[in-house]
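Number of protein chains: 2
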Amino acid sequence: MSTINDVSRLAGVSKATVSRVLSGSRGVKEASRLAVLKAVDELNYRPNVIAQSLLSQSTGCIGVICAHENINQTTSYLYVLEKHLSQHQKHLLLRFANTKSAVLHALEELNCGLCDDILIIGARFPLDIDQENVILVDCMEAENVNSIQFDHAFAAETACNYLISQGRRQIAMIQPQGSGFADQVLLGYKHALEKNFLPFNRNLVFLEATSSSVALQELLNNAATLNFNALMVADEHEAQHIIPQLQAFNKSVPDDIMVFSLGGSLQLPGVPVIPAIEYPIEAMAVRIVNWLTEKTQDMLGTQLMRGDLFIPDVRRKASR
Amino acid sequence: MSTINDVSRLAGVSKATVSRVLSGSRGVKEASRLAVLKAVDELNYRPNVIAQSLLSQSTGCIGVICAHENINQTTSYLYVLEKHLSQHQKHLLLRFANTKSAVLHALEELNCGLCDDILIIGARFPLDIDQENVILVDCMEAENVNSIQFDHAFAAETACNYLISQGRRQIAMIQPQGSGFADQVLLGYKHALEKNFLPFNRNLVFLEATSSSVALQELLNNAATLNFNALMVADEHEAQHIIPQLQAFNKSVPDDIMVFSLGGSLQLPGVPVIPAIEYPIEAMAVRIVNWLTEKTQDMLGTQLMRGDLFIPDVRRKASR
DNA sequence: CTGTTAGCGCCTTCAT
DNA sequence: ATGAAGGCGCTAACAG
Numbered sequence: 001m002s003t004i005n006d007v008s009r010l011a012g013v014s015k016a017t018v019s020r021v022l023s024g025s026r027g028v029k030e031a032s033r034l035a036v037l038k039a040v041d042e043l044n045y046r047p048n049v050i051a052q053s054l055l056s057q058s059t060g061c062i063g064v065i066c067a068h069e070n071i072n073q074t075t076s077y078l079y080v081l082e083k084h085l086s087q088h089q090k091h092l093l094l095r096f097a098n099t100k101s102a103v104l105h106a107l108e109e110l111n112c113g114l115c116d117d118i119l120i121i122g123a124r125f126p127l128d129i130d131q132e133n134v135i136l137v138d139c140m141e142a143e144n145v146n147s148i149q150f151d152h153a154f155a156a157e158t159a160c161n162y163l164i165s166q167g168r169r170q171i172a173m174i175q176p177q178g179s180g181f182a183d184q185v186l187l188g189y190k191h192a193l194e195k196n197f198l199p200f201n202r203n204l205v206f207l208e209a210t211s212s213s214v215a216l217q218e219l220l221n222n223a224a225t226l227n228f229n230a231l232m233v234a235d236e237h238e239a240q241h242i243i244p245q246l247q248a249f250n251k252s253v254p255d256d257i258m259v260f261s262l263g264g265s266l267q268l269p270g271v272p273v274i275p276a277i278e279y280p281i282e283a284m285a286v287r288i289v290n291w292l293t294e295k296t297q298d299m300l301g302t303q304l305m306r307g308d309l310f311i312p313d314v315r316r317k318a319s320r
Numbered sequence: 001m002s003t004i005n006d007v008s009r010l011a012g013v014s015k016a017t018v019s020r021v022l023s024g025s026r027g028v029k030e031a032s033r034l035a036v037l038k039a040v041d042e043l044n045y046r047p048n049v050i051a052q053s054l055l056s057q058s059t060g061c062i063g064v065i066c067a068h069e070n071i072n073q074t075t076s077y078l079y080v081l082e083k084h085l086s087q088h089q090k091h092l093l094l095r096f097a098n099t100k101s102a103v104l105h106a107l108e109e110l111n112c113g114l115c116d117d118i119l120i121i122g123a124r125f126p127l128d129i130d131q132e133n134v135i136l137v138d139c140m141e142a143e144n145v146n147s148i149q150f151d152h153a154f155a156a157e158t159a160c161n162y163l164i165s166q167g168r169r170q171i172a173m174i175q176p177q178g179s180g181f182a183d184q185v186l187l188g189y190k191h192a193l194e195k196n197f198l199p200f201n202r203n204l205v206f207l208e209a210t211s212s213s214v215a216l217q218e219l220l221n222n223a224a225t226l227n228f229n230a231l232m233v234a235d236e237h238e239a240q241h242i243i244p245q246l247q248a249f250n251k252s253v254p255d256d257i258m259v260f261s262l263g264g265s266l267q268l269p270g271v272p273v274i275p276a277i278e279y280p281i282e283a284m285a286v287r288i289v290n291w292l293t294e295k296t297q298d299m300l301g302t303q304l305m306r307g308d309l310f311i312p313d314v315r316r317k318a319s320r
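Residue numbers (UniProt numbering), protein chains in the order written: chain Z, 1 to 320; chain E, 1 to 320.
Rather than coming from a laboratory, the hints here were simulated on the basis of the structure.
As the structure is a computational prediction, the values presented were derived from the model and not from experiment.
Any given hint could turn out to be false.
Just so you know, same-sequence chains aren't split out, so a pair can sit in one copy or run between any two.
What the hints assert, rightly or not - Derived DSBU-like pairs: lysine-lysine, alpha-carbon spacing no greater than 35 Å straight-line: (1) K190 / K100; (2) K38 / K83; (3) K295 / K38; (4) K90 / K295; (5) K15 / K38.
Using the sequences and the hints given, assemble the complete structure.
Below, the structure is given as structure tokens:
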């Protein structure tokens, strides 16, 4: 790799002039400007970003630590994030970490000059971090200033309302252990019931379920008395586990039981499409990039991010 | 962030001594060693990797450009790669790029001092790159020295043999346009037929299919005469598109038609599990990391990577 | 054993 | 308009 010295020598000017030409060339004689450009082209010179980083004290690298349990959930995040970051000449440095210690370890490794800022996404365990350049996205227990959180109560309320509007008044709910949002979800769930003058049945609700399978079995064992006709689960992944089990018990989806995902739908080919709350990843990415570039407005933590209600289009079921 | 100067000042030694203590401290008086360590701890000092990189001319960053069409395919790659890379203190710099120009653009941006080496994964378009520090993984037309390629002919042959062993002698095949491996796959397919003394029926094979849907329709329209009972498709994604369409035509899978994926199975919950050729990602990651760290053995291009035959365990169908 | 010196490649004053 | 010099934070060679 050729350096600025090579260029300056070949062009017969000083390093300073080369630098000037390459960064907003103003106050440079046209002749030397051309000489520099020619030398640059000849040597195929590209300024070393590391040296620039050392000087500017910023690398343009954003560390992204994916703490989500199931990786498929993160894929769409990553794709959208990378798109927005690269549009702003920022680089995405990827890390996976499923436990608190793993996250902290990754944080340590990334946070020693390599990354300007760090995103932690989808952690389902408490994470007492309070660094200025770290922002938590969809993590639990983030009283931190820098965080983007989802409005799970609102999601649950919307979901209930939708289900009720579809004639489903016996709504069961399973939240896996350690989701971290059980109380918020329960709040929204209860709100919706209250507003619709429906009673709250404790036996329909499984918060902190060790196994969603077992919770489902318990629901099914009491199906005769509970008589539930809708089931809210945490995310698409859960839903796709649950649905075959319902079918195995001769419950058709959605006719007998409508399954609703509170955490987005993957919409992969081959899997049944179900109604869901879909969090606007694009909008989130925009908010993140804004914060990364502006750094002034701390509009991150001010308001919870609300998802959209996604309803499967039955007509398009078979099409691509 | 505190620098080595702060530490040396606080510890009352020179920068050099600090550096010595932190990197394989030998030949340092115990007293000053402890003083340095104390100062380091007090200031919470961590050496700036950028400055180190400038000196060592290597950043420990590996650029990974995902050129796969469908992102879900890349997720498992990324996860495994990141695991192996971070174990070797290397960082994964992620980029998505679906077109040749996008890949070249990303390459340009990553290849100016930021990344030591760059991986391009799953490009389905020709990519005439010949840089020492770039390695192509599962890309088409990689006569390049640095590449890991999959043995698609072997995969097709294995697939056919398996299908024939299952009593499926009328094997259809759909390869999407621009997969880049159509000829290799065809080779393996023909080999298997020959070795089993089966005739080759041109109408069963769709290479360079603009739309796999249309190809399937053509197959189904001629189902009476073709009478096919197996169908090989490029990957799981294709398979999950195809299967509902088969079912819509009252063909049951796998009873009437066994669908086989030549490019791995995602094994997501909710989607039917089908037989497939599964490429050993872990082994691939090991090979890649070996090359990145050793750089000596060019065992990358020497042999094609062969996949394993994956057969769904029917008994476990309903379990997690 | 330890401090001084000289750069890694770049950019930014400060003179000229 | 342009060159020389200094320094970003660190390490390696060279003296002591």
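Between the shortest in-copy and the shortest cross-copy C-alpha distance, which are at most 35 Å for K38 and K83: within, between, both, or neither?
Answer is within; shortest intra-copy Cα gap is 33 Å, inter-copy 44 Å.
Checking an output row: K295 and K38, CA cutoff 35 Å. Within, between, both or neither?
Close across copies (34 Å), not inside one copy (39 Å); limit 35 Å.
Up to 35 Å between alpha-carbons, please classify K15 paired with K38: within, between, both or neither.
This pair counts as within: shortest intra-copy Cα distance 15 Å, inter-copy 41 Å.
Can you give me the call for K190 and K100, within, between, both or neither, at a CA distance of at most 35 Å?
Intra 31 Å, inter 52 Å, cutoff 35 Å: intra-copy only.
Checking K90 and K295: alpha-carbon separation at most 35 Å within a copy, between copies, both or neither?
Answer is both; intra-copy 14 Å and inter-copy 28 Å each pass.
Hint compliance for this structure: no hint is broken.
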